[in-house]
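Asker: Take a look at the letters that make up each chain.
Number of protein chains: 4
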Amino acid sequence: MIGDDEIATIFSSDAELKRLLKVEASWTRALGNIEGAPEAENVAQTIETLSLEPEDLTDGFARDGVVVPALVKAIKSAIGLDLESFVHNGLTSQDVIDTAMILASRDAMTVLSKRLIHLDQNLSALFKRFGDTQLTPFTRMQPALNCSTSTVIERWRQPIPRLLKDCDLITEQLSVIQWGGPIGTRDHAKSQALGAAFAKELDLVDPGEAWHTDRTRVSDTVNLMARISVLTGKLGEDIALMAAMGPGHIALAGGKSSAMPHKNNPVKAEVLIALSDLAATYHSGLTRSGRHEGFRSGQAWTLEWLLLPQMYDVAGTGLNLAATLLNEIETLGR
Amino acid sequence: MIGDDEIATIFSSDAELKRLLKVEASWTRALGNIEGAPEAENVAQTIETLSLEPEDLTDGFARDGVVVPALVKAIKSAIGLDLESFVHNGLTSQDVIDTAMILASRDAMTVLSKRLIHLDQNLSALFKRFGDTQLTPFTRMQPALNCSTSTVIERWRQPIPRLLKDCDLITEQLSVIQWGGPIGTRDHAKSQALGAAFAKELDLVDPGEAWHTDRTRVSDTVNLMARISVLTGKLGEDIALMAAMGPGHIALAGGKSSAMPHKNNPVKAEVLIALSDLAATYHSGLTRSGRHEGFRSGQAWTLEWLLLPQMYDVAGTGLNLAATLLNEIETLGR
Amino acid sequence: MIGDDEIATIFSSDAELKRLLKVEASWTRALGNIEGAPEAENVAQTIETLSLEPEDLTDGFARDGVVVPALVKAIKSAIGLDLESFVHNGLTSQDVIDTAMILASRDAMTVLSKRLIHLDQNLSALFKRFGDTQLTPFTRMQPALNCSTSTVIERWRQPIPRLLKDCDLITEQLSVIQWGGPIGTRDHAKSQALGAAFAKELDLVDPGEAWHTDRTRVSDTVNLMARISVLTGKLGEDIALMAAMGPGHIALAGGKSSAMPHKNNPVKAEVLIALSDLAATYHSGLTRSGRHEGFRSGQAWTLEWLLLPQMYDVAGTGLNLAATLLNEIETLGR
Amino acid sequence: MIGDDEIATIFSSDAELKRLLKVEASWTRALGNIEGAPEAENVAQTIETLSLEPEDLTDGFARDGVVVPALVKAIKSAIGLDLESFVHNGLTSQDVIDTAMILASRDAMTVLSKRLIHLDQNLSALFKRFGDTQLTPFTRMQPALNCSTSTVIERWRQPIPRLLKDCDLITEQLSVIQWGGPIGTRDHAKSQALGAAFAKELDLVDPGEAWHTDRTRVSDTVNLMARISVLTGKLGEDIALMAAMGPGHIALAGGKSSAMPHKNNPVKAEVLIALSDLAATYHSGLTRSGRHEGFRSGQAWTLEWLLLPQMYDVAGTGLNLAATLLNEIETLGR
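Taken in order, these protein sequences are the chains called E, P, H and Z. To convert, count from 1 in the first sequence and add 26; that's the numbering used here. To convert, count from 1 in the second sequence and add 26; that's the numbering used here. To convert, count from 1 in the third sequence and add 26; that's the numbering used here. To convert, count from 1 in the fourth sequence and add 26; that's the numbering used here.
No lab work stands behind these hints, which were simulated from the structure alone. Only a predicted model underlies this, so the values are computations on that prediction, with no experimental measurement involved. Honestly, I wouldn't trust all of these hints.
Note that the list lumps identical chains together, so a pair holds whenever it fits in one copy or between two copies.
List time: in silico DSBU-like cross-link candidates among lysine-lysine, alpha-carbon distance up to 30 Å [claimed, not checked]:
#1 K216 to K289
#2 K102 to K140
#3 K44 to K154
#4 K191 to K289
#5 K191 to K226
#6 K191 to K140
#7 K102 to K191
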């Protein structure tokens with residue numbers, strides 16, 4: 027129930043390794059392109075088809091704190107010395123890792139967006155099934171005034187249009203290469219053309235400068251996911267409260283107790299609340315991770331890696347669970 | 027050094043009481059306007075000039091959890107029974123408090139925006155003074171390659187244009203009335219005209235529906251402030267690290283030790299780091315406060331009140347301190 | 027309703043200044059004692075009766091990041107040059123501030139302890155009034171099996187004995203001087219006797235070494251306060267849920283709505299939940315503040331100062347509110 | 027480098043399933059013991075040797091929010107109807123899960139304790155190697171006064187004795203059964219003897235009452251782990267700062283850059299800082315998870331499950347990494 031297979035696949039070691047090779051190959055092609063060197067294409071193909079497992083990079087990761095040095099070494103050992111200048115030349119590790127993170131984030135954002143639409147469809151179906159019943163909503167934990175159940179469902183849907191719009195905006199904001207080189211200064215005679223070529227290979231945009239220490243894009247993405255978790259958490263909390271009130275409010279399928287057969291625990295609703303609290307918890311660490319000292323920060327960057335995939339997982343799991351929970355509603359209102 | 031007078035004034039009890047009276051008076055005028063009742067203007071003026079101190083509402087706040095019932099009672103006792111229908115009629119407490127919060131936030135956002143510009147000007151002045159010296163920036167806590175100090179300063183300025191743009195976007199997003207009535211359904215025959223009139227009185231926009239439980243605007247504002255704190259925290263952290271490295275990196279005025287006269291502690295830089303960690307801490311509570319159960323949540327809303335002014339204070343203090351710290355730089359680079 | 031006068035008085039600028047003077051005077055007496063110099067007593071009395079307002083130290087605080095250098099300067103200017111060696115000699119700022127924090131914490135812990143006992147008495151009174159009624163407790167947000175209301179109240183009281191015991195343990199753990207000097211090495215020929223004398227003057231114990239960067243005592247205190255907030259938050263959450271269920275569960279006095287006169291909002295219960303979420307929020311920042319780099323950290327220490335009084339305030343406010351809320355219970359069970 | 031195999035094994039699904047079966051079997055034996063029914067032993071052995079994979083319980087978990095109902099069903103289907111009264115009779119799901127969590131925590135605490143001792147040994151070895159060199163420690167990010175490197179190492183070791191003592195205290199505090207039944211009231215004629223027998227089977231103690239909603243033990247354990255992460259995070263931060271200062275402070279093995287061969291990144295030190303920030307982040311969620319509404323809370327309990335193993339992992343990884351990092355110190359001081 028907890029954990030998101032689709033998101034987990036995106037952030038798996040296998041997928042990450044493929045992305046890293048894709049980024050290195052794209053850079054090689056961009057260099058070949060700018061320098062008019064057709065032999066770079068062979069190098070790029072060698073990189074893309076390199077036979078490598080995540081485990082092959084474990085020692086290097088432990089030694090260097092990033093996998094890139096070991097990866098570059100593996101690539102170079104598969105390529106003649108005379109072609110080494112087409113490999114990683116002008117990149118720094120963070121360029122590669124951040125660009126791969128961008129590719130993963132773009133995929134994950136597509137998943138979230140698709141699920142938001144699915145959740146909205148389930149809410150729409152609920153509206154059709156129960157929009158004509160009556161409900162007594164709560165304000166400040168007290169029964170307020172009767173209203174149509176449709177009003178309740180509209181309230182649940184309220185943040186979704188803006189979330190969907192922001193998914194698009196964030197995806198666009200995220201669709202950029204990271205490139206700066208060792209100290210972020212893009213030291214290359216044709217840096218503009220090289221950035222453009224690198225971006226084109228990856229179907230991304232060149233923002234015109236490195237953003238090694240400016241994590242605005244990450245912060246805005248995380249804020250969006252926090253808002254998604256607030257939405258699904260509210261669904262859980264409202265449904266758990268309604269379930270506590272019993273008949274005339276909501277009836278759910280599922281959730282048997284091991285000791286009290288009469289009970290029907292709103293387990294998915296509870297998990298949604300927990301996931302929303304978890305997203306709020308992670309949010310503080312991710313905000314902390316936005317402050318990168320100097321020109322590149324290992325500590326802040328590591329914290330970002332440790333939490334960002336978890337945040338996607340929490341947001342994605344919540345959207346899946348919420349959509350399922352809506353389908354388990356047997357009656358709503360009276 | 028810690029604490030922001032300008033922000034504190036905006037969120038003071040006195041200013042809040044004035045805003046609440048302004049919101050109630052604006053509602054009275056809007057009702058009079060829609061219903062063609064010129065006598066409402068007198069009521070509105072009575073409300074605006076009501077002689078009331080924050081302390082007069084303390085008991086009511088403790089009893090009701092919001093000051094509005096006591097405030098409305100005080101207003102009504104100053105007005106003839108026949109005119110009571112122009113007072114708070116169709117509003118709920120949260121409409122008043124949230125609209126007043128909007129007015130405060132708009133003022134606070136103007137302060138932050140102005141200070142961001144000021145900080146950027148100080149960075150620009152630093153660029154002029156020291157742009158031609160050389161520095162050795164750090165990557166992963168290690169000296170990397172020499173570069174011009176101008177590169178370092180450009181790195182510090184990098185997030186500012188986007189922050190300024192987002193200040194404008196957020197201010198626009200925040201410039202809305204809150205109005206829904208008891209269960210958010212705007213039960214009034216001419217609700218559209220009434221919403222428009224209420225908004226016009228306050229120089230705000232009517233978003234067309236209540237947002238009692240949809241705190242997207244607050245979340246986005248908080249995210250912006252977190253990003254501001256990350257910016258000023260990075261300035262502090264970089265300057266503290268440079269100060270640790272000593273001559274050839276940075277020299278600062280101020281910061282004497284009580285026990286070691288040779289020391290020059292980078293105290294403002296340290297405080298900037300602490301404030302940035304504080305903003306990250308608050309962020310988690312504010313994200314939690316976005317989840318409002320039912321049609322209005324006392325618990326989430328209280329948490330929002332408890333943290334939002336503090337977040338403005340932290341962001342504002344950080345911007346002030348950072349601008350001052352830049353002025354205390356005596357040498358930068360070599 | 028929110029904010030704790032008794033705790034606020036302990037952490038006020040006036041009280042802090044008095045504590046700082048008391049610590050400096052105690053150090054002077056300890057030096058006089060160890061060095062057999064009766065003239066130190068006059069110096070100590072001059073320190074204790076120094077005419078100084080918190081505002082007099084504001085500039086120094088802004089410049090030095092701690093008030094101690096300005097305070098020491100003010101003390102020295104009130105004392106002849108020949109007696110200066112009895113002032114602050116061998117101390118560092120953090121020795122003074124941390125020892126003053128200890129004195130404040132001990133006072134605050136006494137307040138919390140007293141209130142915990144008071145809360146327990148109110149729970150005991152509730153037991154007497156309603157122990158014989160029946161209630162249906164909730165498990166996983168669903169009505170479980172009927173039980174005696176006494177069972178519910180016992181559940182609420184369950185954490186209190188351990189909390190009280192830990193209040194005593196923590197108070198003992200906190201009753202220590204901080205003394206290390208510039209780099210924590212207690213460079214004095216008779217350091218053992220001097221530490222003992224300093225501790226005796228303040229009715230504290232000498233732990234035998236400085237703890238400038240070992241904040242175990244603070245972490246354990248904060249953990250205790252977090253547990254207190256969890257206790258009062260649970261009271262609030264349980265009572266709010268019971269109030270939502272209505273007759274047969276609980277009836278409360280107070281909490282009128284401005285728009286729906288039939289409602290009786292459980293406002294104190296809601297605030298208790300918010301305060302408990304606030305304590306959880308602060309906890310992360312306080313844990314962060316426990317990591318002090320080097321031999322003394324300005325950044326971590328500042329963060330501790332910014333959050334520790336707030337944590338006491340939240341714990342204290344919660345205990346007060348919870349005790350009051352219990353008194354507002356009109357019926358419990360059926 | 028990140029992730030702790032030993033801790034992960036303890037919290038793996040396989041190990042958890044074995045623990046759950048062990049708890050159920052122990053309960054069966056305790057029932058048999060109290061009721062003088064030797065046939066219970068056969069049932070217990072059937073439970074312990076039940077052929078079951080974690081995957082067999084996935085559907086049940088998704089449906090019921092805990093695996094116990096599905097587990098009990100699987101057990102009962104392996105046992106004759108006439109013996110069903112020896113299976114889970116008088117337990118509730120939370121009794122089983124919490125008691126299993128206790129068994130896991132006890133194992134994990136043993137791991138942490140052992141590693142703390144190992145870390146202390148490495149610090150002692152460092153003391154022997156470098157105790158006679160000189161270092162300039164930092165206070166407030168500035169070089170303070172020279173001291174012996176032994177002083178620095180003693181500072182690092184300072185929190186360890188208390189941590190070790192608290193590991194023992196917490197382990198003792200954790201060595202208890204959870205048993206209460208559906209509403210925590212231990213409804214059994216011989217509840218005292220049954221509790222004692224159950225505890226004895228598991229080599230635990232019976233605390234005499236259920237602690238379904240009193241998570242003091244968990245909070246105190248988490249606080250201990252936060253303190254461990256603060257210790258290892260400080261080691262990382264101090265070493266990273268010393269490495270930034272360069273020769274005369276510290277020299278480390280490892281940490282190559284992909285772009286700047288002259289650099290030697292202090293990667294393990296950086297990761298230790300990140301893990302310490304991560305522990306502070308998790309702390310807020312874990313404190314939140316201590317507030318269990320009603321007589322059993324699905325939402326708070328789920329949050330606890332989601333974060334507690336992660337907290338053990340972070341504390342354990344930090345201890346391992348810190349010990350390794352100390353071994354990679356090539357020179358310390360001058």
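Asker: For every hint, state whether the structure bears it out.
Answerer: Hints and how they fare:
1. Proximity of K216 to K289 under the C-alpha cut-off of 30 Å is restricted to the inter-copy arrangement: shortest distance 27 Å between copies versus 69 Å within a copy.
2. Taking the shortest Cα distances, K102 and K140 never come within 30 Å of each other, neither inside one copy (40 Å) nor across copies (42 Å).
3. Taking CA atoms no more than 30 Å apart as the test, K44 paired with K154 passes in neither setting, with 44 Å inside one copy and 45 Å between copies.
4. Neither within a single protomer nor between protomers do K191 and K289 lie at most 30 Å apart by alpha-carbon distance, with minima of 40 Å and 38 Å respectively.
5. Taking the closest pair of Cα atoms, K191 and K226 come within 30 Å of each other both inside a single copy (25 Å) and across two copies (27 Å).
6. In this homomeric assembly, K191 and K140 come within 30 Å of each other (Cα to Cα) both inside a single copy, at 12 Å, and across copies, at 29 Å.
7. With identical chains, the CA atoms of K102 and K191 are never at most 30 Å apart, being 43 Å at best within one copy and 44 Å at best between copies.
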